[in-house]
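**Q** Turn these sequences into a full structure, and let the hints steer you where they fit.
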Amino acid sequence: MIRAEGLTRRFGPLLAVDDLTLYVRQGEVFGFLGPNGAGKTTTMRMLATLIAPTAGAAWINGHRVGEDDEAVRASIGLLTETPGLYPRLSAEDNLGFFANLHEVADVPGQLRKYLSLLGLWERRADPVGGFSKGMQQKLAIARALLHEPPVLFLDEPTSALDPEAARVVREFIETLKGEGRTIFICTHNLDEADRLCDRVGVIKQRLIRVDAPEALRQGLYGRSVRVQLRETSPALVAVARSLPFVTEVVETAEGLCVALDDPETHNPALVGALVAAGAAIQFVEREAHSLEQVYFDLLRESEEAA
Amino acid sequence: MNRKRLHAVVAKEWLDMRKNKMVLIMMALLPLLMVGMILGTVYFMARLPEADFDPQTGSSGMALPPELAALGPKDGVIVLINDQYMFYLLLIPLALPVYMAAYSIIGEKETRSLEPLLATPVSTTELLLGKTIAASAPAVVLTWLSFLLTAAGLYFIASPVVLAYWVRPVWSLSIAFHTPFLAVLSTACGVIASSRLNDPRAAQQVTALFVVPLITLSMVVLMGKVYLDMRLMGWATLVIAAVTVGVLWLAVRLFQRETILTRWR
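One line per chain: the protein sequences are Z and B, in this order. Per my numbering, the first sequence starts with residue 1, numbered consecutively. Per my numbering, the second sequence starts with residue 1001, numbered consecutively.
Be aware that one or more of the hints could be misleading.
[To be verified] From the structure, some residues in chain Z lie toward chain B, with a derived Cβ separation under 8 Å:
| id | residue |
| --- | --- |
| 1 | Phe11 |
| 2 | Arg45 |
| 3 | Ala48 |
| 4 | Leu85 |
[Claimed, not checked] Restricting the straight-line Cα-Cα distance to at most 27 Å, the calculated cross-link-like pairs of lysine-lysine (BS3-like) are:
| id | chain 1 | residue 1 | chain 2 | residue 2 |
| --- | --- | --- | --- | --- |
| 5 | Z | Lys133 | B | Lys1021 |
| 6 | Z | Lys133 | Z | Lys113 |
| 7 | B | Lys1109 | B | Lys1004 |
| 8 | B | Lys1109 | Z | Lys133 |
| 9 | Z | Lys133 | B | Lys1019 |
| 10 | B | Lys1004 | Z | Lys113 |
[Stated by the list, open to error] Here are the computed distance ranges between Cβ atoms for each label pair:
| id | chain 1 | residue 1 | chain 2 | residue 2 | range |
| --- | --- | --- | --- | --- | --- |
| 11 | B | Ser1123 | Z | Glu122 | 29 to 39 Å |
| 12 | Z | Pro35 | B | Trp1014 | 56 to 66 Å |
| 13 | B | Glu1110 | Z | Gly62 | 35 to 45 Å |
| 14 | B | Glu1110 | Z | Pro35 | 26 to 36 Å |
| 15 | Z | Asp106 | B | Met1001 | 17 to 27 Å |
| 16 | Z | Arg25 | B | Trp1014 | 24 to 34 Å |
Think of the hints as simulated: they come from the structure by calculation, not from any bench. All C-beta atoms, glycine included, are put in the ideal place defined by N, C-alpha and C.
**A** In structure tokens:
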């Protein structure tokens, strides 16, 4: 659905995006993560035909960017970082203008559908300059969806929103995911990416890593369980280390952190061996690494490699 | 060229314009002031005694070009002054659209609406043409209305000769044909300025360059050095059309989506 091959963009001497190759499948929610200036927005702008790549090529919904731009634009909905609405015009007029540019067949029907879905129908005749940030963002999302595009580009969809408005927007994105649209999200909100995205890509000019959040965690840290003990001892650490399926044991204040290849299969044996050695086990839980931790470690690895 | 999208751009610009009271006031004020100034001047001059206009004895007397000598000193002077005002009337299509055009693009930047707009299937030509029509058409209509309103006023307050000279072919055709060219020229200046600059006022300064030749020509006419005839107006039309096409070409060349998006911060 979204394909980029060797996509590169320079601004004079500045290399904004370097040799980006990426494929996002139909119906997938893809999170694009990276620090400020990493090239996220530039990539999105290239894919949305707003700026041309210096090198490389991209296809959206089968249409080549740079060759069939009108078809590309008809296939995408774009939510920019700021809503970009006309403040003097009403919500209805703002959406009506974009619906006409997209030659939507049933403009009143689509306006009603999305204004109602996003809870703005009652305010449809009000100038949007008087709307809260959350309402403006919802209206901008409605604008991106009016022509029912198969591909959505969302740039920081919940930035600058209060937690309640951010939750509404996030839930709406989840409903869109259920409709089979391909969604490409640029975000700094790693918790949001973790919750919404099927896969994430970490970029800093070059694409550092692409995978599902869970696969990234496993790739970096392997799999481990946290065993909370009433009391720990060197003997219990030795017992855990003696088990053939255990790859690493770290003693912590609460107990042991045990890395092992296949926790679903080997956890019972681990627990049995520890109990047999006299351990009083209070809890056994999966060791959780946040996507934030993954993100920073990937960036650090990338910097060290550079 | 997609007519539906072009229509959508024009309709949105006009809707936005209608919601902006300041723009509406500015648009109405200049033509009203012009008409009031012309009719006021004619009204008071028409009530002065004929002797005041004698270049030898009268305090209001001016040297008339030979083409106006047959009208008599009073009507001749009024026609000569009205010819000056006609040049000022042509300032309306230069003054009004530039600000609207500049605002319509710089305004997109200020509201950050240009990026989502450029991500729609609208082409640069449709967008620029739509904005040009939206900015030019009201100024053209207002200029024509000002011309007709002044003619109606002259019918009541001036002699038939003064009215006949006001609507004589050289001016009627000039108002009819120069006005759209000047409006488009002004809009193109607004587009150029707003493609390169971030301040609508800068666009007005660029247009001021085109006001200078118009004022100069009016001064030359006032001094009696040149009398406006169809031949001169024909040449003026050619020059204005050539300059308009050139500036319009430049405006389209300079309006680059990418530059505007990446330079505007």
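**Q** Against this structure, judge whether each hint is valid.
**A** A quick look at each hint next to the structure:
1. Phe11: Check passed: Cβ of Z/Phe11 comes within 7 Å of chain B, closer than 8 Å.
2. Arg45: With a minimum Cβ separation of about 7 Å from chain B (threshold 8 Å), the hint on Z/Arg45 holds.
3. Ala48: holds (5 Å)
4. Leu85: Where the cut-off is 8 Å and the nearest Cβ of chain B is about 6 Å from Z/Leu85, the hint holds.
5. Z/Lys133 <-> B/Lys1021: This hinted pair holds, its Cα atoms lying about 25 Å apart.
6. Z/Lys133 <-> Z/Lys113: With a Cα-Cα distance of about 21 Å, the restraint between Z/Lys133 and Z/Lys113 holds, given a limit of 27 Å.
7. B/Lys1109 <-> B/Lys1004: holds (24 Å)
8. B/Lys1109 <-> Z/Lys133: Status holds; Cα separation ~18 Å.
9. Z/Lys133 <-> B/Lys1019: holds (21 Å)
10. B/Lys1004 <-> Z/Lys113: With a Cα-Cα distance of about 22 Å, the restraint between B/Lys1004 and Z/Lys113 holds, given a limit of 27 Å.
11. B/Ser1123 <-> Z/Glu122: 29 to 39 Å: Given a distance of about 36 Å, which is inside 29 to 39 Å, the answer is holds.
12. Z/Pro35 <-> B/Trp1014: 56 to 66 Å: Hint violated: Cβ distance 43 Å, outside 56 to 66 Å.
13. B/Glu1110 <-> Z/Gly62: 35 to 45 Å: holds (36 Å)
14. B/Glu1110 <-> Z/Pro35: 26 to 36 Å: holds (28 Å)
15. Z/Asp106 <-> B/Met1001: 17 to 27 Å: holds (24 Å)
16. Z/Arg25 <-> B/Trp1014: 24 to 34 Å: violated (44 Å)
Comparing the model with each earlier hint shows violations of hints 12 and 16; every other hint is respected.
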